[in-house]
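With the hints as a guide, bring both chains together as one complex.
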Amino acid sequence: MKTVKVQAKVNQELCTGCRTCERVCPVYAAELVKEDKGFHVEIDPSLCVGCWNCEQRCPEHAIAMVACEPFDISTDVSLYDYGQIKELCRKARFHPKQLVCYCTATRAEELAAAILGGAASPEALVRATGVGSGCGIECNQTILRFLEAAGVAWERKKGSYQWMGRTMTNWEVPAEVKQKYAGFRFDSDREIMDRIVQAPVEP
Amino acid sequence: MYSKPLPPAPTRKSQYGVDPSLVQKRGAELSNITHVPLSELIPDQPSVIYPSARGLAAVRSETEAALAKVDMSMISEGKTVNILASHHGFTFLGGEPYAEMLRTIKDVVAQRTKAKEVRLRAGLGMRFRETEEYIKAFKLDEYFNGKAQGMAPIDAGIPIETSLGTLYGLKRAYDADFIIHAHNSDVREVHFHRQVDRAVKPFGMSYARCETRSTYHMNLGPRAANFVARAIFESPFVQSKFAFAAFMIMSPAGAVTVDADNDLYAINDRTTVGGMKNYGKIIHLFGAVDDCIVILDFPCPVPYVFASGVIYANMVGANIDLFDLDNPLPPYTWYTETYYREGGQPLIPDIPPVNPAIKAVVHNYAWVGYPAVFFAEHTPTIVVGQEQAELFNRDPMNLNYMKHALLADNLDAAMAFAYRTTGTDKVMIFDGASGGLNVSHSLADLLRRVAPGVNEKVDKVLLPKWLAQRDIDVQLLDQVA
Ligand code: SF4
Ligand code: SF4
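In the order they appear, the protein sequences are chains A and B. First residue of the first sequence: 1, per the numbering used here; consecutive thereafter. First residue of the second sequence: 204, per the numbering used here; consecutive thereafter.
Same shape as in the complex, but just chain B (with noise of 0.2 Å):
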C-alpha cells in the first residue's frame, strides 16, 4: 500500500513564470505517484521548527534566541545598518520563514541599538527584479519603513580592495554604516560552491558586481573560486562595516533552527558540518537512483526546482560525490559547461558526464532568468505547454532552450511519451513538497531498499573525508543539529 503524494509546492505568480493558471496539473496528481517520507529515509534528520504546529512564531522566537547572544554594541546612536538578503531565502518554504527571520532582525536591532535606520538590501541571482516580487509579496517594504530594495549585479558598484586585488561590491549593499549579513545554510548550489565557505559565498555574489561574479564563474577554476568571496568578507572595507550574521538552518525536512554570531567563520564551520551531515545522505540517495524520468515543477528556473530540499541541478551531478573536493568538476558547473565543444565532446577527456541516470526531464512548470540550455542539450527535455516554451524563447538567457527540446501539450502527453521512450517507469518529482518526496511506487521501492545503506556509507566512510578535506575538527558532528 503506498501513501498519497504530498502537496506541491504553490505555483507563484512572477514575470519569470508562466501564469499559474497555465500549469493545468502538477506532476503529484499523476497516476502511480506516492510519497517516501524523509524520516523513514534517514532516519537521523534534525527536527524542524518550521513547518511545524508552532508557525511562524518558532522562527520569530528561534531569531530572538539566537541575537540574544550577539554583540550589537558597535551600532550606536545614529548609525545606518543594512540587512543583507539574498533570493535563496525567499524559495524555502513558500519564503515566509526566512522574511519572518529578516522582520524580527529589524526588530529586535531596533529595540536593542539606537539606530537611525535599519534597512533591508535583497540581492538576487539572474532575475533583477526577483527580490523586488518577493518584497512586495511579504509586505517588507511597509516592515522596513519604505526601505526595502531589491539590487542587481549591473547596480551602482563599488571597488574593494582584497588580496585578490580590486574586486567590486554592490554600493547599495554597502551604504550603510553597518551590515548584517542574514543568509540560509541550505546546501543548495553545492556544485559550485562545494560545500566551501557556504556561509561566506553572497559576498562574491548576491552582494556583488558582476564583475566579481564573473571572476568567480570564468577566472578562477572551479574550486579556487570560492576564495572570491572570502577575498571580499576579509576586505578591510567589509570588515569595518560587518555587524553580525544571522542564518537560518536548514535541513531538507525543512528550517531546524537560526543561527546567529558575530563570528562569520564560526556560523561558516558549523553550516558546513551541518549541511553535510543533513544533506549529504539525500543527494547520495539521489545519486543511487539508477535510472528516472525527473518532472520539473517549482516556481524557479531549471537548475533550482526542488525535491526534498536537493535541487535539480544536484541530481544533475549526483553521478559523482560532489562533497568530494579531490572531484575537481562536477557534471554541472559554469566551468564544466565551457569546456565542451560545440558538438558535445568534452575538450578534455576527463569531463565527467552529466548523471546517466536521468533518461528524461519532464519541464511541466519552471521558470526562465538562468540559462538552463546546458540541461537540455545533455538530457532529453520536454517542455509542457505552447505559453512556456514561448517564455524561453523570449529571454535573453534561454533563446537555444527550445532548439533542444520537445514540446508537449500538456503533463499526460509528455509523460507518456517519457514513459514509452526511456522504458523506465521510475519517476522523481522536483515539486518542493516538503518532508518528503514525491515519485513514482517503483522509485519509492528502490529508496527505500538503497537508503540504510548509503546512510551507512555517508557516516562512516564519506562524511569523515569530507571533513578531513576542509580541515574540520570530526567532534563537530555531535555539536551541531
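In isolation and in its complexed conformation, chain A is listed as follows (with noise of 0.2 Å):
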C-alpha cells in the first residue's frame, strides 16, 4: 500500500515548458498546456502518485513536492477469486506472497487482483496499486511481466521516457549463452526461483 501523503506542484515562473516532467511521470500526470501565449504544466491531482520523479528531474528545480491530505493506494486482494490470483502470480513467476515492490511493501498478489480488477496498463498498475511510486526502479520488470502474463496489450505514451519494454527473464535466457558463461549459475538460479515460485501459499 502507498500512503500518498506529497503532490507534484508546479512553480510556473520557473516553468521553461521542457515537457522533462510529463516524460518522467510513471502515470502521466503531468502534462504541458499549451496556450495562445505559452503553456503551462498541468499536475493533475486525482493522477499523482507523490513518486517525486518530476520534482527530481525537472532542470530548473521548478517543482516541489507539498503535503496534501493523505491517501491509500491499494487493492483490496479479498474481492477477487484467489485460484485465478495465484494462476496469474505463476505464470508471471512470482509467489502470491512475494514482495514485488521494496518501497510499497506490494506483494504479487495485490497487483494480479488489480489487473483481475481491471487495470490493463503499468501507469494504470501503478495507480491501482502504489507500486512504481517509491524509486520508480526495480518493479519496473515485474509490472511489465505481470501486464504480459495476463495477455494484455498496452501502448506507451507517446514521447514518455517510462515503460521502455519488457526484457529477458531467467526461464527465456538461451541455452547458447547459458553455456558460454556458465560462470554466472543461470540455472541453479532458476532452480531457487521456481522453487519460490512453487512454495506453498501458506507457510
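Heads up, incomplete: computed chain A residues facing chain B, CB under 8 Å, no partners named:
hint, residue
1, K5
2, V6
3, K97
4, C135
5, G136
6, I137
7, N170
8, V173
9, Y181
10, M193
11, R195
If you're looking for bench data, these hints aren't it; they were derived computationally from the structure. The C-beta atom is built at its ideal place from N, Cα and C for all residues, glycine as well.
Put into C-alpha cells, the structure is as follows:
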C-alpha cells in the first residue's frame, strides 16, 4: 500500500516548458498545456502518486513536493478469486506472497488482483497498487511481466521516457548463453526461483 | 591503554540527509570508543596513495602514469568523448580523489587527442540528483566547460541489442562517439555482484535505464543477474564506442593506485583478485563479531555507510561467506528481500537470516533515497532525532521505515537504550573513518584476538576457493596490489 502524503506542484514562473516532467511521470499525471501566448504545466492531483520523479528531474527546479490530504492506494485482494490470483502470479513467475515493491511493501497477489480488477497498463497498475511510485526503478519489469502474463496489450504514451519494454527473464535465457557463460550460474539460480514460485501459499 | 577514536568522515549537506547542524554528536564522540588501525588487524594491506602526504597530487600523477599505457588513437580529430562516472566514487575519502581522477582523465584526453569535446556523464543509484550535488561540490561543471551532467535511470533511454535480447541504456551516456569508463574497484555491493564482473557492473546499473536495472534485481536471479552488465558491454553498440577504462583502485585503507586499460576484462580480473585479497579479510573479520550494536553515522543511505571501507550491507550478510558463489543467496539482496512473507517467515527454508550478531542499530546519521525498510524490519533500529524520522516519513522509498524503528531524542539516549536492551557493550561505528575502525574497547579486544585466525583462513582456505570459482589464475594474486 502506498500512502500518498505529498504531490507535485509546479512553479510556473520557473518553468521553461521542457516537458521533462511529462516524460518521466510513470502515470502521465504531468502535462504541458499550450496556450495562445505561452504554456503551463498541469499536474492532475487525481493521478499524481507522489513519486518525486518530476521534482527530481526538472532542470529548472520548478517543481516542489507539497503536503496533500493523505490518501491510500491499494487493491483489496479479498475481492478477487484467489485461484485466479495464484494462477496469474505463477504465470508471471512470482509467488503470490512474494514482495514485488520494496518501497510500498506490495505483494505479487495485489498486482494480480489489480489486473483482475481491470488495470490494463503499467500506469494503471501503479495507480491501482502504488507499485512503481517509490524508487521508480526496481519493480519496472515485475509490472511488465504481470501485464504480459495476463495477456494485456498496452501502449506507451508518445514522447514518454517510461515503460520502454519487457526484458528477458532467467526462464528465457538462450541455451548457448547459459553454456558459454556457465560461471553466472543461470540454472542454479533458476532452480531457486522455481522453488520460490512453487512454495505453498500458506506457511 | 586504548587510543583515541579516528575522526569520522564529515557530514555532508544534501537534500537526502538531515542538515549537518542537526547531527549534534557523532558516534566517535561517545565514551568508551577507541580505534583499531587496519594495519594492526590486517598487516598485509597495500600502502595507499590517498590519504597520504602527497595529497591529491598523488592521484593526478598515478592517473597520468596509468593513462600513459593506454591507446587513445581511436579518438580522432573532431570526435566527442563521454567520461562515464558513478556516484560511488564520490563517497570515498570525501570524494576529492575520484573527482581528481576524472579531471585528470579529461586533461590527458584533451592533450593527447584532438577530441572536439570531452564531457562528464555521472550516473547514480536511486537519488536522482546525487551526482548533480557532487558535480557542484567539486566544481566539475566549470572544469568540463559546462559539459558535466548527472544522469538518472528514468532519463531518456536507448535500446541496446544484446545476447540477452533488448536491454536499455541511458541515451545521455552514449551520446558521444566514444566512452571512457571511469570507475573504482571498491568491493562495496558484494552482496549483489558477488565479485563477479565487478568492473563491468555500471553498464547494467548507473549507465542503464530502470528496465535494465530491474532486470538485474528481479528477472535473472542473485548470481545470474551479473550477466546483464556483460551482455550490454559486449553488445556491438557499446563495443563501437568503448575507448578504455580507468579505475581508482581501492583498499579498506584508502586509494591504492589508478589502473587503466583498453581491455576492460583485464582490469576486471585484476580488480576481482585485488578486491578479494584486500576486502576478504576485513569482511570476514566483521563476520567473526559475535554480538554488537551498530551505529550508522555517514552521509549515505543505510546500507552504504562505511566502516574501514566496508559497507553496512556487508555486515548484514557477514554471517555467511559472501564471496563464496556456492552460497546462492546472501542474507541481504533484493532477491532475498522479496522471499519473505509479510509476517517475516521465509518462503523457502534455505533463506539465510540477517547477521544475528547485530543486536541493535543506532541510526545516528544516514540518508534516505534507498528502500531501507528491510534493515529496520530485521534488526531493532533506533533513529536519532525527529527531523531524521520526518525525512524518512516523506521519502517515497522509506514510507514504512519508521513503522519498524524507534525514535530517540539524541545519540546518548539511543545508546543507553541499546546497551540496556541488548546486553552487549560491543559497538561498531560505520562512520567512514579513514585507516581504521572506530569501535568500543570490548570490540577492539575481540577484533585483535580473532584477526590472526581470520587472516590465515582467508589466505590459506578461502582465497584459493574464491579464485577457482571464478576461474582466475592464482598467480594473479602476486601481481595485484
Ligand atoms: S520539467 Fe520543469 S521546466 Fe520542464 S516542463 Fe516540467 S516543470 Fe517545466
Ligand atoms: S510526483 Fe510522480 S506521479 Fe506526481 S506528477 Fe510528478 S512524476 Fe507524476
